[in-house]
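Undergrad: Kindly generate the complete structure, drawing on both the sequences and the hints.
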Amino acid sequence: MADEEKPGFVDKIRKQSEDFPGWYNDVVRKAQLADYSPVKGCMVIRPYGYALWENVRNALDDLIKKTGHENWYFPALIPLSFLQKEAEHVEGFAHEFQTVTHGGGKELDEPLVLRPTSETMLASVLRDYIQSYRDLPMLTNQWNNVFRWELRTRLFLRTREFLWQEGHTFHETAAEAEREVETMLDCYREIAEDWCAMPVLMGRKSESEKFAGAQYSTSIEAMMKDGKALQSGTSHYFGDNFSRAYDLTFTGRTNTQEHPYSTSWGMSTRMVGAIVMAHGDEAGLQLPPQVAPVQVIVIPIFRSDTERAQIESALAPVLDALDGEDIRVKVDWRDLRPGFKFNEWELKGVPIRLEVGPRDLAKREVTLVQRLDRAKQAVAIGDLPVVLPAMLGRIQGAMLAAAKDFRDAHTVRVDSLAALVRFFAESVGFVITPWCERPEDEAIVKRETTATTRLIPRGSRVPDSPCAICGRPATAEVVWAKAY
RNA sequence: CGGGGCGUAGCUCAGCCAGGUUAGAGUGCUCGGUUCGGGACCGAGAGGUCGGAAGUUCAAAUCUUCUCGCCCCGACCA
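So that you can map any letter, position 443 of the first sequence is 443 in our numbering, and since no number is skipped, the others follow by simple counting.
Don't read these hints as lab results, they were simulated from the structure.
Simulated crosslink set (DMTMM-like; lysine to aspartate or glutamate; CA at most 25 Å straight-line):
| no. | residue 1 | residue 2 |
| --- | --- | --- |
| 1 | Lys404 | Asp373 |
| 2 | Lys210 | Glu172 |
| 3 | Lys225 | Asp405 |
| 4 | Lys65 | Asp326 |
| 5 | Lys15 | Asp226 |
| 6 | Lys330 | Glu54 |
TA: Structure below.
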């Protein structure tokens, strides 16, 4: 019998193995990450979920600044005409617009669109800020909310309003802009792997999957525990598409009018959903220590005020020391039975539980339990400032390794359409094939399997074998998956 | 927007097919007591426009029509 099935353990959520979407909803809501709101398609991000997002956000914000970018802020409302200048961009986004048509009780002369993304606003404003090659590169970022009229919404994964950062940069040369695209994709990989313990594939999107208005898009793709892919960050190369459409020019080194090359890149609150689906199990959420709002939950076990006082005084110096180690510790003093608290904090995914009661105190010890496998171990109180950071580090590493093993175990290479169809008929995961990059092939595969191309891995070589779908000469290796 | 499912207490649901006292259970919540190392137990209590509207009927949670919302699958998408 698995631990999860024993009486007494978390059983208030649907089973991940039987109903993955139901499990996901239960975990998000019962771990108090988010809830549905009175507004269709929009969610309330609750304190625990927001704290998780803040940890991801802060790590990414540091990286963004370290790589030379500055934060700023633009309006949430964009004049409709701004959005209509770049043909491909409008075509891609127009059906997702949510529009403000009235103000002060009167109809506006021009409708204002709630930003689905801010390329058009940036390009319009930057005409004033970019005059000379000396003003470049302009490396910017903004943290904001964006609005897209999604037909089918899911908490964190797809909502009509979501939080993200959108980076926008402008460069003198195409080569420099393309390096920027790579740099930021690397930042996203770092956030995903080193912070969220989520291994990702990196690479270029196919023509049909790219961002509307981009010359090409790149992304990181992670595998969720149901074998589906989740695009977890994107970095786009625009060439001079936007600067031409918005008549953005600068005076070059040879006194000629030139169009800057631009990029944009984004990572959103979707990452919270990714963490849930990449690490969660039958007992609920499982959080990587690096981003866990609470890394160590202390469950004091006592029956009398005297016992409580003894625990308090034993814990005080330890809590001070852990604070010095920057470990996020919380003591759950609530008047509830320990077993109840064990379950609740497991559901909420806290990496380490520290139990301390009379039996432990008698030996000057505490009991540590890892969320990962419920492994228990007694540790001398004085050793905690050394043991806990090391244990958190090991858990972080183990979670990344487990996620990578899972992905590898669900990744296959095939060389025919028949094999691809068979795989998705009876299995889940990533399939790598040679491909000729014709969109017709993507349409065929989508019709037969509902899977789509996720990306052409960075650094992958042109295969010798022909396209798995149509037999024409292959120009790339591509990863197929069912995607969120 | 197509297909399927569901709206009854904060949450999970029973009751509906075969209309009929004052609409129920578990859980959660409040109070009291006993408890406390894996979701305790006993007792008392609060909590409901049965999603909404119209219709049929002596009588509607239950039947009919319309409508709104939510979930799942698909199309669209971070």
